[in-house]
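Residue-level listing of the chains:
There are 2 protein chains.
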Amino acid sequence: MILGKKTRKAGLCNRHWNINLSWSAVVQMCQEDEQVVQASDVEISALVGWMATNSDGIHDTDIVEYCSRLGARNYNFMNYPIGGMKRSSWCPEKNGIPPPIDLPDLQLDVKLWGTYVIGRISDWIDCDANESWLADLSCIEIEKELNYMTYMPLRVLTLELKHRDSPKLAEILTKWMWTRNMTYSVWVFLPTDENLLPVTDCGQDIRDIWRIWADFRSLCTNYPMQKLAVGLRLCPNLADEFLEPRLYKRWHAEPLCSFCIETSIFTSSGQYGKCTLPPAHYRLLMDLFVSVVQRPLIHCNSSEQVDEHLRLQYVNMIKQLIQEKAIQSKEAALAGSDDNVLFEYLGHREYVDTLQMPLQPLADNLDSGTYAIFEEDSVKYDLYREAICYAIEDLVKITGEERNIAVYLLGAGRGPLMQMIIEAEELFNAKSCNRRDLLKLELYSVEKNAHAVVTLQFRNKHHWKDRVQIIEGDMRELSEKVRAGQLPSPDLVVSELLGSFGDNELSPECLDSITDILRSTTISIPQQYTSYIAPIQSVRLHQKVLCCSGGTKYFERGFPGRGRLEPVKLQDGTYALPECPEASQFDEIYVVCMRSVCELAKPKAVFNFEHPNFERKSNARSVCIQFTIDMQSELMGFAGYFTARLYRNCQLSIVPQTHTKGLVSWFPALIPLRHLYRLQKGTEVIFHVERKIDTRGVWYEWFCEFQNVDGKIKTTPLQNKDGMSYFMRL
Amino acid sequence: MILGKKTRKAGLCNRHWNINLSWSAVVQMCQEDEQVVQASDVEISALVGWMATNSDGIHDTDIVEYCSRLGARNYNFMNYPIGGMKRSSWCPEKNGIPPPIDLPDLQLDVKLWGTYVIGRISDWIDCDANESWLADLSCIEIEKELNYMTYMPLRVLTLELKHRDSPKLAEILTKWMWTRNMTYSVWVFLPTDENLLPVTDCGQDIRDIWRIWADFRSLCTNYPMQKLAVGLRLCPNLADEFLEPRLYKRWHAEPLCSFCIETSIFTSSGQYGKCTLPPAHYRLLMDLFVSVVQRPLIHCNSSEQVDEHLRLQYVNMIKQLIQEKAIQSKEAALAGSDDNVLFEYLGHREYVDTLQMPLQPLADNLDSGTYAIFEEDSVKYDLYREAICYAIEDLVKITGEERNIAVYLLGAGRGPLMQMIIEAEELFNAKSCNRRDLLKLELYSVEKNAHAVVTLQFRNKHHWKDRVQIIEGDMRELSEKVRAGQLPSPDLVVSELLGSFGDNELSPECLDSITDILRSTTISIPQQYTSYIAPIQSVRLHQKVLCCSGGTKYFERGFPGRGRLEPVKLQDGTYALPECPEASQFDEIYVVCMRSVCELAKPKAVFNFEHPNFERKSNARSVCIQFTIDMQSELMGFAGYFTARLYRNCQLSIVPQTHTKGLVSWFPALIPLRHLYRLQKGTEVIFHVERKIDTRGVWYEWFCEFQNVDGKIKTTPLQNKDGMSYFMRL
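Chains A and B are the protein sequences, given in the same order. If you read the first sequence in UniProt numbering, its first letter stands for residue 1, the second for the next number, and so on. If you read the second sequence in UniProt numbering, its first letter stands for residue 1, the second for the next number, and so on.
Isolated chain A (complex conformation) (with noise of 0.2 Å):
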């Protein structure tokens, strides 16, 4: 079941400049790592930039013309020079002393310096440069303008890395990172031309673009969005890795922002003419642009001043395009089809990468609003009910109309399962003319949650002609009831009792305990159901997972925890979780509705399960899983779904590759590992993974395996050992 425990901020502010959708606001939300846009509020027309150079001819103390001037051609917001464009364009020179910072912030409002205009390194820095005079210098002054961005009210700095490896600038930005409270994102921008950063002297680097930027990340200690993104500079060359999906789709799990698209790519038939982008390059852009909050910004990079007619060419183009995309998204997301879809355009915006952590509906309670919300998936229902129609077919074959069938909801909730039971048997008696008597099915509704039991009373009373005995109960103690005679043994068991991946809400346990009480014609909807893995890439989710921990709250340190230890009393009458060392965050199973990911090979199935289980299988399991990654890439974890056969051709899936269309109940699990693991194309990696069970519950353990194309093997650790982090009380 997908809904978790989550709090939305809303509200953000709108505010205007040529178009509706608020830059300031979109900035805003990226820092905060919140999507929060709400429907209403999305018009698809991203805000596209330019990037002020030293050929446009303006001054430090002239912002606001120069704003109004590019609004005039159409553009939302300017990247300039956070020292200004004198200091931005010295040529630097050994024992040379750079121009100061100055541009002056009474200029402009606060907020508005905030909406239109995002801050730019000084373009000759180079922390990194091989003059050991321009690097030193480079490394003072970098700092200057780091500080001076944080007294401007500006929320964005763009830089370029202009080496393969680039340590002492990686070094810096840590620190700030770390250490300062600092209050504008950093956007890292690499060229798509590998050309542009030249393997040194010294030999070999076969590494490509990406591998670049995530090294170089790595070195920042894959700091969060909030202060570190990535921008894409679309240069007219394009590496190879650009130009097939399968590898250029590795930039969906990065924190990808911005892309600036250099103007000598457009291609325009004449002055007046249509400007274009090449194929490839249109290509890249429409597959990378998944979300207004990426920021395109146009930049002319020759020195002479551009003609203010092909200026606003450039810009209309790409909105014309991101129009295109959003167009796609719009038919995609009607037809139920959700791949490559803007995020604006997806159900559940709020949810796109957000860790929820799985219900336990055995354990706790549901509560009504959760109910009504699960309620709402009329793809699921309509699936069950047409099961259950093929299963009532085929019971009253079995039967022979000898006696009553006897139908079980276990498990009902607020009664939904109920309803479609009802349905069906209406929908079965409407094409049965020909039998003696309408079929009447005896109905038994089986629920623990003695909250949801009011409500299937009120049901039973107001829809249901009080045609249903509830039975108010774990369904693990009805056999003791049907032994005593006190109800029959059932003839069809409905149950809905899975989880994102499958088993982990504890469907076996729950089905197998009235295996015992059961007809051995007795069918169970569902029949069967499979867990399925595959292997991801995702710094963003990595990142995430970072964030659950340490953050616990005084009030809160007795709330329920996710492993097997239970809050104890303390001395002073609060309440806490014990310690326990062991516990990592990296070792639960979250849900998630994925979109920062990349899949680096199809999903395998893990775990199976047969409905009734009358040969009394355990339902412990061990199973590894091989895959072979075929990319230069960066193992997160594992994306976890399911398949279920609920009976005859009656299927729910939300493995991708199969995805049941329109069923929204369930995102994908998440099955994160401790660390990041770079992997070299052609890498085995073994997934380990046990279904382990007690008497208070149950819980998964599993580690990986990699064997590189050289033969070494490398383990990973084994998590969630004894489910101290993870664990599914029974």
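Honestly, I wouldn't trust all of these hints.
[Unchecked claim] Okay, derived cross-link-like pairs now, BS3-like style, lysine-lysine, Cα gap no bigger than 25 Å in a straight line:
(1) A:461 - B:111
(2) A:553 - B:553
(3) A:94 - A:111
(4) A:86 - B:448
(5) A:465 - A:448
(6) A:569 - A:553
(7) A:168 - B:569
(8) B:86 - A:448
(9) B:569 - A:175
(10) A:461 - B:86
(11) A:144 - A:111
(12) A:448 - B:175
(13) B:448 - A:144
(14) B:86 - A:465
(15) B:319 - B:330
(16) B:175 - A:569
(17) B:144 - A:448
(18) B:461 - A:144
(19) B:721 - B:604
(20) A:569 - B:168
(21) B:448 - A:175
(22) A:602 - A:714
(23) B:569 - A:144
(24) A:604 - A:481
(25) A:553 - B:175
(26) B:144 - B:86
(27) B:461 - B:440
(28) B:144 - A:461
(29) B:461 - A:86
(30) B:144 - A:569
(31) A:617 - A:604
(32) A:481 - A:461
The hints are simulated quantities; they were obtained by calculation from the structure and are not laboratory data. Everything numeric in this text was worked out from a predicted model, so none of it was measured.
Starting from the known structure of chain A, arrange chain B on it as the hints suggest.
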């Protein structure tokens, strides 16, 4: 200075029933423990509810009709038994079985439940009843109702204290609050009539009603108001403590969320005459109603059905009272007084009771936005200009037009005081037509924040005709330059370096650093300042300080701390503050717009500083200050204030009793104790505080002694030893 780092949540959605301010929004507000209503949102017409009883003659499945009937009578919500009226009105009997919970959720939309209904524990439930069978039964049945609340989408549950001591109830609630992710608040009602909480046979109990509540919430570990709040039931009889403002103002320091007004209080002249409250009740309600988040409830405790016309009269009377309070508040706010004003009329509502970290302008550089906010305080700058005018008059006499007068602005920021100096000069020239020449001051502006210097230069060029010599650097290095003859000795030194507790932004250290370059006639503005403290009661602020602990997130481990230690780099390249077990969030000074506070004695002076400090007195200090507390109360810590004499009779004060009208730059300081201390009437409280200095910074250390009337002395632990928790860097 007032500004701290604070993120504001905004944009609570509005839902409407009868009036414009949404009930659901404000309950949410109270639960989130944040004051977030925007100025434009505030329409002062509080929401008034009806407490449903059996005599209303309704059924548990007619909630919709009942709601609309009450809505037509101008009520905004109702208080209804969460288990249903049938269950609530059960007469408990030994071995009897109470009716089951039966208040079906489906009859009202999820959102409407939360908007129109607050829950109530069944009236007969009494966990601390003398009859053990009733107590035992109550303990079982209250759990069911607390559980059903988590199922239902309600946000508040009310119950009444029925005894002077309720340990079993406290134990149950405490366990719930600590170990369950409770989605609602519990409002505990106490009567204003002490006879309704009779002393049990075994003896004396001198505790008043406030103390009974305080004992109860202590038993509940003082859990914050998101989950535990208090309501007062206004009975016909008022205990003495509700007649004397000095005593009932202690309730301002409690999470007082509601008033339950008994209909028997109202006096009415005939059925169609106007309904009124007795004067004492009226005054009590007017004084204790401080925010529209407090919810009045009207309760008819007779067994007869209430007349519909009277029901309307009651609610209108209460709404009128609130309207009157709003009008008074508006007038008071316009007149610049904020005593006993509705929170909604305070200038900075989002700051109310919010802990902020004091700025350290000496160690840190302020940003442009912070300067902009401080520059808006015209009251402060008008006073400075006046003081500068007086100083110029005196200096003209001293220098006798023989030489120019050298004016130094120390810590110029973006130059607001330079503007005042220039205006003072203009004023002087305007009224001194008899002088030979116009006065022309020599102006020097010293500022260590390089970023603010960019602004100063801009203003110097555009506003000040390049008259001002701008010196970028620390004022503590100024004397070198003067001694080297590069700059003249100052005749007038102007600065604004004061914090909420006077010297806590290190004004003494900064100003003393230039003593050796002063003339004997040099004037300092300010000339003198004194810090003040007053003992305060406030469980709310104690909870807020508690909440500051234990919440360090992974990616914020390296953020600057407030104590002496600085972040260090770890092996993995990340940064973190070193572990420091001695450090405590209770040993820090905060800045707070204090509202949920009761001053227990008048403020007294603490430290005094004079400038110029020609005698070179040390700025280390050690004092002890004695207060007598004249009521049963609970000491939380001390409020800190200051007064400053700028020059002659130009005085700034944030001491409440002498507060400069309209001055908004400083909220009070908060100096917490580590625990809440219950005081008997007549206790002597002695506050010991030292101001300590070493080469790296300045810090306060403090502790308290209490001498009870019986002569016993209790000493609290020394706080902030060696500045490990709060350290002002030099």
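These are the hints, each one checked on the structure:
no. : hint          : in the structure
1   : A:461 - B:111 : 24 Å, holds
2   : A:553 - B:553 : 10 Å, holds
3   : A:94 - A:111  : 39 Å, violated
4   : A:86 - B:448  : 24 Å, holds
5   : A:465 - A:448 : 22 Å, holds
6   : A:569 - A:553 : 17 Å, holds
7   : A:168 - B:569 : 15 Å, holds
8   : B:86 - A:448  : 24 Å, holds
9   : B:569 - A:175 : 8 Å, holds
10  : A:461 - B:86  : 18 Å, holds
11  : A:144 - A:111 : 23 Å, holds
12  : A:448 - B:175 : 23 Å, holds
13  : B:448 - A:144 : 14 Å, holds
14  : B:86 - A:465  : 24 Å, holds
15  : B:319 - B:330 : 16 Å, holds
16  : B:175 - A:569 : 8 Å, holds
17  : B:144 - A:448 : 14 Å, holds
18  : B:461 - A:144 : 23 Å, holds
19  : B:721 - B:604 : 24 Å, holds
20  : A:569 - B:168 : 15 Å, holds
21  : B:448 - A:175 : 23 Å, holds
22  : A:602 - A:714 : 22 Å, holds
23  : B:569 - A:144 : 21 Å, holds
24  : A:604 - A:481 : 41 Å, violated
25  : A:553 - B:175 : 17 Å, holds
26  : B:144 - B:86  : 15 Å, holds
27  : B:461 - B:440 : 18 Å, holds
28  : B:144 - A:461 : 23 Å, holds
29  : B:461 - A:86  : 18 Å, holds
30  : B:144 - A:569 : 21 Å, holds
31  : A:617 - A:604 : 22 Å, holds
32  : A:481 - A:461 : 24 Å, holds
The structure is inconsistent with the numbered hints 3, 24, although it conforms to all the rest.
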